[in-house]
Every structure is written in C-alpha cells, then in structure tokens.
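Undergrad: Chain by chain, the residues:
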Amino acid sequence: MATQHSRSAARIMMAPAVILLLGWMLIPLTMTVVFSFKKYLPMRGGDLGWVGFENYARFVTSSSFWPAVATTLIVVGGVLLITVILGVLLALLLDQPMWGQGIVRLLVISPFFVMPTVSALVWKNMFMDPVNGIFAHLWKFFGAQPIEWLSNASVTSIVMIVSWQWLPFATLILLTAIQSLDSEQLEAAEMDGAKAVSRFGYIILPHLARAITIVVLIQTIFLLSIFAEIFVTTQGSFGTRTLTYLIYQRVLESQNVGLGSAGGVYAIILANIVALFLMRIVGKNLDT
Amino acid sequence: MKLKNALVAVSALVSVGATAAYAETLTIATVNNGDMIRMQGLTDDFTAKTGHEVEWVTLEENVLRQRVTQDIATKGGQFDIMTIGMYEAPIWAANDWLVALDDLSEDYDVDDILPAMRDGLSYDGTLFAAPFYGESSMIMYRTDLMEEAGLEMPEAPTWDFVKDAAIAMTDRENEIYGACLRGKAGWGENMAFLTAMSNSFGARWFDEEWNAQFDSDAWNQTLTFYLDLMEQAGPPGASTNGFNENLALFQQGKCGMWIDATVAASFVTNPEDSTVADSVGFALAPDAGMGPRGNWLWAWALAIPAGTEKEAAAKEFIEWSTSKDYIELVAENEGWANVPPGARTSLYENPNYADIPFAQMTLESINSADPLNPTVDPVPYQGVQFVAIPEFAGIATQVGQEFSAALAGQQSAEDALAKAQVLTTEEMEAAGY
Amino acid sequence: MGRSVTTQRKAFNTLFAWGIGLLIFFPILWTILTSFKTEATAIADPPVIFFFDWTVENYVVVQERSNYLRFLWNSVIIAGGSTVLGIIIAVPAAWSMAFVPSRRTKDILLWMLSTKMLPAVGVLYPIYLIFIKLGILDTRIGLVVVMMFINLPIIVWMLYTYFREIPGEILEAARMDGASLRAEIIHVLTPMAIPGIASTVLLNFILAWNEAFWTLNLTAAKAAPLTAFIASYSSPEGLFYAKLSAASVMAIAPILVMGWFSQKQLVRGLTFGAVK
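Residue numbers (the numbering used here), protein chains in the order written: chain E, 624 to 911; chain V, 23 to 455; chain C, 554 to 829.
Note that these hints are calculated values from the structure, not bench results.
Treat the hints with care, since some could be wrong.
Claimed, not checked - Calculated pairs, DMTMM-like style, for lysine to aspartate or glutamate (alpha carbon to alpha carbon, straight line, at most 20 Å):
| hint | chain 1 | residue 1 | chain 2 | residue 2 |
| --- | --- | --- | --- | --- |
| 1 | V | Lys337 | V | Asp131 |
| 2 | C | Lys817 | E | Asp718 |
| 3 | V | Lys337 | V | Glu354 |
| 4 | E | Lys763 | V | Glu333 |
| 5 | C | Lys775 | V | Glu174 |
| 6 | E | Lys661 | V | Glu448 |
| 7 | V | Lys97 | E | Asp670 |
| 8 | V | Lys97 | V | Glu333 |
| 9 | E | Lys763 | C | Asp598 |
| 10 | C | Lys775 | V | Glu77 |
| 11 | C | Lys686 | V | Glu331 |
| 12 | C | Lys563 | E | Glu810 |
| 13 | V | Lys332 | V | Glu350 |
| 14 | V | Lys332 | V | Asp141 |
| 15 | E | Lys661 | V | Asp193 |
| 16 | E | Lys763 | V | Glu197 |
| 17 | E | Lys763 | V | Glu195 |
| 18 | C | Lys686 | E | Asp670 |
| 19 | C | Lys775 | V | Glu75 |
| 20 | V | Lys337 | V | Glu174 |
| 21 | C | Lys775 | V | Glu448 |
| 22 | C | Lys563 | E | Glu813 |
| 23 | C | Lys563 | E | Asp718 |
| 24 | C | Lys775 | V | Glu195 |
Same shape as in the complex, but just chain E (with noise of 0.2 Å):
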C-alpha cells in the first residue's frame, strides 16, 4: 500500500524522534562508559586516569552487589504481583453495576496523581511511623505490639508505598479491557451453567492477557528506577538498597564517579536484559 514517496516522507518525519532520542541515550551513555574505566574521584582531583576493568570488578565483588540485585527484583516483582492481581480484583469489582460507581473509580485513581516523594513521605511518617503512625495507633487499638515497618518490615514497607502508587494504574488498564469484553459471550456462557471462577479463567483472564502484558511492562520501566520511595524512607538501611539506590551511594554518598559509572553500566545491562525477557512476551502479544 505504501508507496516509495510516503516511504521516504515516513523516514524523514521519524527521524527527529530517533534522532533526539539516540543523542539523548548514546551521548551520557558514552560518558558513562568512559568514566567506568577511569578512576574519577571528584574530591581527590577529579580524573586520575585510565584503570581498565578494576572499577567493574570491584562493583560486582562488593558485598552489597548480589544483596542490591536481589533486592531489585523482590521489589519489582512483588509489586507486579500485588499490582496485577489486586488490579484484576479491584477491576472486576468496578465493572459490577454499583451506585455512585464514577465516584469509586475517582477515589481508586487519586493515588497515581500523587507525587512519589510526597507518598513516601506521608506513608513513611503518618502510616508506618512505630509510635505516631495511624497503624500503631490501629495495632495498640486491637492490643497488639506495634510493627516497625521501616526496619522489620522494610522491603514489605517499600512493596506497599510503591503499589498503592501503581494499583490505580493497573485498575484503569485491565477495567478498559474488561469493558471491552463482549458482554454476549458472558452471558452465553452463564447460560450455559458455567460457574463464576470458570468463566473468569477461560473467558475473562485470556482476554486481559494483553492487558496484563501491558501493564507489566510499563510498569518495570517505572519500577527499575524508582529512587525517591526509598531515599526518603530508609535511604537503603534494613535491605532496602536495590541497585540503582547503590549506584547512588557510590556516585553521590562515595563520591566515587567510576565505580559508579561501572554500576550504572551493569544496571544498564540488567535492565536490556529484562528489557529484552519482556519484549520477547510483549513482541508476541502486540502482534497485530
């Protein structure tokens, strides 16, 4: 269908994108990878020269290495997995008629407009604070001995905040794509005597395959990176350290910009890597 004009014109108007977005990735990108091969300690003089791959061996035999890649994984999958399953719950809750239902969905969004720093920050002091948070106050209430969320119960702590931030995000996702369900082949398949849990695992859940894939995929975009959940709550304390918050430490805490540079590296990697896991899945389910 498409002609060698509109073929040359598609290119041409593609290009700034592309181009922009090379430029964006490839120039700090290469600075980076410059600076992994270099001892660069800006407070003993800034560049002291070429040291080949000891800043990358150094970073991967630190002992807080496995722990940090360990840890961004137990987050990132744990709130995937609330997330998603909360969403698809949540989701089908919201489709059932209900009064007042514009007004649940409002209440169910409020949480993705807010800032990060400003959630954390709210959860850390008002929620999970041991002796002043609404949850000890609840635990006393019932008698029990308040949790210390941020220390004994860090990681869960971090997995909490950061779903409560992503869940409305999942919810609006699959509840389009239950809308979307041909109501027909449900009710068909009422008639037909299948039971509520059947229909939801051989009609609705093939349906939001999609939709799921979606979901998990944008959203370990977002959760690689996130910083400012655990920079104002425990600064990396009790467990909390994922990879990118020890890169920070060796940047910005260490001021050691090759180490750190070597980390960013290996983020990098990790992150194609799951990059490319995910587009494998998501490759298959977008095909038109």
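Start from chain E and add chains V and C according to the hints.
TA: Chains V and C only, in chain E's frame:
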C-alpha cells in the same frame, strides 16, 4: 511612557548609588533547620542594609548535601553561598573549592569566634567557612522523672549511671522510654552519635596506618553497650529515629534522657512546642572513665564556592548572618533563648544570655571536644564524630546501616561489626589507601 | 449492559466498592485532614479524625516561608512545556510508524522504550556536566528538554497505538482527493486522533509533574518546581506533620483536581493498545 521609563531608570540608578555597590541577587543553599528558617525570615534586614536580594534554596539535610556536593564537585556554580558543616569545610578547602574568609572586616571581629569552631572550619590555618551556629552534644533529661526514679544526675555522669538511670526511668506501659538515642542510619545520624560514643570507650575508626578498627574490643564494647541500653530502655522503632524523630518524642514527653545536639536544648525548653519545657535538665555527655567524653563537635557554617561572580556580596551576607549584630537582631525578635548558639565567645559573656539554662552546659561541652585528639589512642585523622576524609560519608552511612540493622534486631553486634570491617576495608582500598 | 442484577446484589457491590475505594483514598484524605490541624493535634493519641479545631495556619506558615506560586508556575511550565514539545516531535514519528510500518517499526518502538530504563543516577554526572557546558542548569528550558526526553518514548508509543486504530482507508480516500501529506495530517488525522492525543497529554503531564529526580537535581532557585518545594518540608526540626501535610496538599492538589476532572479522557486513552 518613555519619560516614565527614563525616570524609573534614573531613580533606580540613584538608589543603587546610595547603597554604594551593585545590588546583586544571591542564591543561598541552606538546610531546613529552625535557625536557618529564622534567618530566612530576617532576610529583609539584610536587603535593607545592603540592597542585595536573596533567593533561598531551603532543602532537607540529605537533599541539601547531595545538591551542594554535586554542584561544587562539578563547579556547577548554582549557589553563591552554601551551608556546609565541619566535615566538608577542610576537605573542600583542600580542593581549592572555597573562597578563603581571610579579609573579613574589623567590625566582624573574627577572633570572637569560639576557637574550637574556628579550628574546625579552617584549613592550613585559614578560615574557609563562617559558623552560623555551633554545637556539641550533651544529655537532656527529665528532672521530674529522674526524681521519681530516686536518682540524681551528676554534672558529668558515666555511661553506667546513664544506663541504670535509663532503665529506672523506663515505663513502657505509659510510653516513657529512658534512653532516646539515634538509631537511623547515616553518617550524620547514628554514626555521629556512635562514633562520639566510641571515643569515650577508647575506640577509633582507623589506626595510624589507616586500617579499619571495627574488629577491636573497644568497638565491640561500644556497640554491645549501646544495643543493650536501647533494648532495655529505648523507644520502639529506634532504628529509624534520627535527631528529628527523637526531638518529637522528647517534646511529647516520651523520653527520660536524650543524648543529642546541644542546639536541641532551645527546642525542648520552648513551651510553645514542648510539653515538658519546664522540667528539662542538662548534663555533660557520659564517659567510661577513660578520659574522652561521648560528645561531638559540629558547626553549620556558610561558605562561598570559588568562582562565584558575586563574591563581594556573598561576603557581605556572611558578615551579616554570622555577626554579633545578627544575634542581637534575633534576640530582639525571638528572645535570647532562640539566638544561634555556639559560635561566638561574646554570646557567652553576654549577661542577657547568662540566664539561659543550657548556655553554660553548651559552652562546656563544646570546649571539651578535641577534634585533633578525639579518642584515647592517636589517630591519623581530624574530627570527633567523623573522619575528615572524602570517603567517610559514604563508608559511615553504610556502616551506620549495619549498626541500624543490629539495633532492629536483624543481626548481632558481632555480625554488624564484621560487615562494617569488610566494607570499610573495601571502600578504603577502592579509594587507594 | 444486558446483565440484570438484584437490588440486593447491587447494594452489596456498592458497599464493598465504596469501602475499598475509601481505603485506597484514605492516605490522601488523612493528609488533607492533618493539614488543617495544629501540630499538637496532628500527633494526638488516640488520633482525632474529624472533630478538631480546623485551622489554616499551616498553609499561612508554608506560604510565608516559600513562594508557593513560583514553584507551582515552574511545575506548570516544565510539565506543560515538555509535554507539548514531546507531542510535536512524536506525532510525525507515530504517524509514520502507524501508517507506513516497516519490518523494523516494532524494534524501533521497543528500543525507544528501553531508553527509559537508563538508571538516572548512573548518568547524573554526565548530564550535570553537559548542563554546565550549555549553561542551562536551573533553567526551565533545560528541564523542559530533559522531561521531554524522559517521556518521549511513552508519548510515541501511546500515539502509535491510537493512530493504528484509525482505519487506513480514510487516509487513502484523502490521498485520492489530492490532499498533501501536511493536509492529511492536519485535517484528517489530527481531528480523529484528538481523544488519543488528549489522553497522551494528560498522562505525560502527570508523569512530568511528579518526576522527582531530575527536577530536584538540575534546579536551584529559579526553575525549582513543586518537588523541590516539598524537599524543604520533609523532615525539619520539631513537630512537622501538619506543616508537611499542608505542603503536600499544596503540591498535589492542582494535579489531583486536574486528574479528577479529566479522568474520563485519561481513562479512555489509557490503554497503550491493551484493548483490541
């Protein structure tokens, strides 16, 4: 219209001429502590006197540190004045990143600055940052609870007494905890407290060959004592409590004793914020009979990054904000209890300030800290609760996270110390020691 | 909606859904309530929920200390500017991907998304140095550009999924009529894509508004948006829950209200091609 513009221009010129200098707009980065917020509120006085305007960038401490360090290390030139501490001043000065403050005016009276503060903010004998306020640490305790427990706080207690008293004061039923100490991880949070405390137990960060010393008995004693004290008399969630959290607890009447910055004294005795304002006593930080006490030395100071085009105006601001007149100005507006403490000798000689209950204890604490000989054994570094090398902030924050995890009951003192030893050694190697 | 349900079932649904909705909304509600308390009431034990002396003092104090309107204005400019710029660059790209697809289209699309996975902290030094060289630290234009880059992949992808839903025959017809490429995009395509563009604009405005790493690290005084405003209230000395709440409400209220009013458009478009 044109005429009007011309008139405005002329009158602007005249007013500039009247202040005898270019009116500049200074960008000042500062931390969101009470004294700085007060300074922000008094900026009009500076503008009226000099014609310079001020743009404040007020940030939470961690964000501030990250922003100013990033900016100075890359020579970003975003700020004309930065609020820094005693840790940064000598390191930055050694890198030629700061403007020397060696030509301050006669009126400013640089010799009036407390010697401990002046030394800590100097490099090679030259002052590079002017102290806005200075602090040490001391014990703040509830006189009523101490009386109930049938004890009397000596002026210079030992750690053993502090522990016994803390346990006696603790009443978990009524949410009263004998010892509110820092537990939140960070080089300026729990590690400031623990490093100062370790000095009194004779521990040190490094030996003279820069070998990490977390495998020493002295560190073991320090950490074990601290963990035991907190287990028996600490508040719940202590491992996430820093200065601010403990301050809030103390003000709510939930702490028996709190060992922390001397500047907190004015907050806990202020009846507007504190429910226990009239029953607070003060004592020197404890010791373990080995000489050094467990108190630190710190100053928040103003410094000018090298390369700013507004150096002259920036110096004017520093002279204004750290002057004797500024102290008078705050006293007029907010009362003597709220003036920035710990920076100037003259403040402690002022009869108006003598009535303040915590004034003498603050001064004594500051004077008893020795940044050059912080502990029992000799050390290769400068600093009481920190080690003035660029790597320290990064290392100590990670060590602090291990200690914090120990306080939360997630690992033993031995494990925490072993991990601290490993990671400190790793980082020091990475830095080329 | 052919399904018929009993009133009883509907009532149960309503009750259940409202309960969950309020639970999810509670942290925001609690922040709003706390912002009208005094510092002492804010930490009262047991907590006071509704019956306290409402005060606006916290808002007054916050406004006195920081020039809220300037932060707000910066947020609006940065979020708005970056979104508009992003749309201008993304529309042609998305158009060509949707209507003149090649074998590599999907690869390009996925590659674009993968640039979003660059860890920001890892490239902070390079970006900061580049900004110094260009002299655009602490400028709105600098942040507009950065936020545009951050969100461009999402914008392109969203637009691509909308454009793809537009039947190609309509464009063919326009071409038959002799419409130029320009006219085709402006007069035929854009009107049909307005709902999609609207939801893309909304989503990216929200994402840019809430971005807290670059907006904090690349600004000082002049271009600092609301994320920096919050950083000065996050943990000051003394009791701060009420003031923090007031500052939080001031930071999120504009975007929350905007989101509520435009949620129909946002939801309609928020599918990323998830619905076929």
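Undergrad: State for each hint whether it applies.
TA: Quick rundown of the hints versus the structure:
1. Lys337/V <-> Asp131/V: Roughly 14 Å separates the two Cα atoms, so the pair holds.
2. Lys817/C <-> Asp718/E: holds (15 Å)
3. Lys337/V <-> Glu354/V: violated (24 Å)
4. Lys763/E <-> Glu333/V: Roughly 56 Å separates the two Cα atoms, so the pair is violated.
5. Lys775/C <-> Glu174/V: violated (55 Å)
6. Lys661/E <-> Glu448/V: Given that 20 Å is the threshold and the Cα spacing comes to 18 Å, the pair holds.
7. Lys97/V <-> Asp670/E: holds (14 Å)
8. Lys97/V <-> Glu333/V: Roughly 15 Å between the alpha carbons, so the hint for Lys97/V and Glu333/V holds.
9. Lys763/E <-> Asp598/C: holds (11 Å)
10. Lys775/C <-> Glu77/V: The hint holds at about 8 Å.
11. Lys686/C <-> Glu331/V: holds (17 Å)
12. Lys563/C <-> Glu810/E: Status holds; Cα separation ~18 Å.
13. Lys332/V <-> Glu350/V: With Cα atoms ~27 Å apart, Lys332/V and Glu350/V exceed 20 Å; violated.
14. Lys332/V <-> Asp141/V: violated (26 Å)
15. Lys661/E <-> Asp193/V: Roughly 56 Å between the alpha carbons, so the hint for Lys661/E and Asp193/V is violated.
16. Lys763/E <-> Glu197/V: holds (12 Å)
17. Lys763/E <-> Glu195/V: holds (12 Å)
18. Lys686/C <-> Asp670/E: holds (17 Å)
19. Lys775/C <-> Glu75/V: holds (14 Å)
20. Lys337/V <-> Glu174/V: The given pair, whose Cα atoms are some 48 Å apart, is violated under the 20 Å limit.
21. Lys775/C <-> Glu448/V: violated (41 Å)
22. Lys563/C <-> Glu813/E: Holds - the C-alpha atoms of Glu813/E and Lys563/C are around 18 Å apart, at most 20 Å.
23. Lys563/C <-> Asp718/E: This hinted pair holds, its Cα atoms lying about 12 Å apart.
24. Lys775/C <-> Glu195/V: violated (51 Å)
The structure shown violates the earlier hints numbered 3, 4, 5, 13, 14, 15, 20, 21 and 24.
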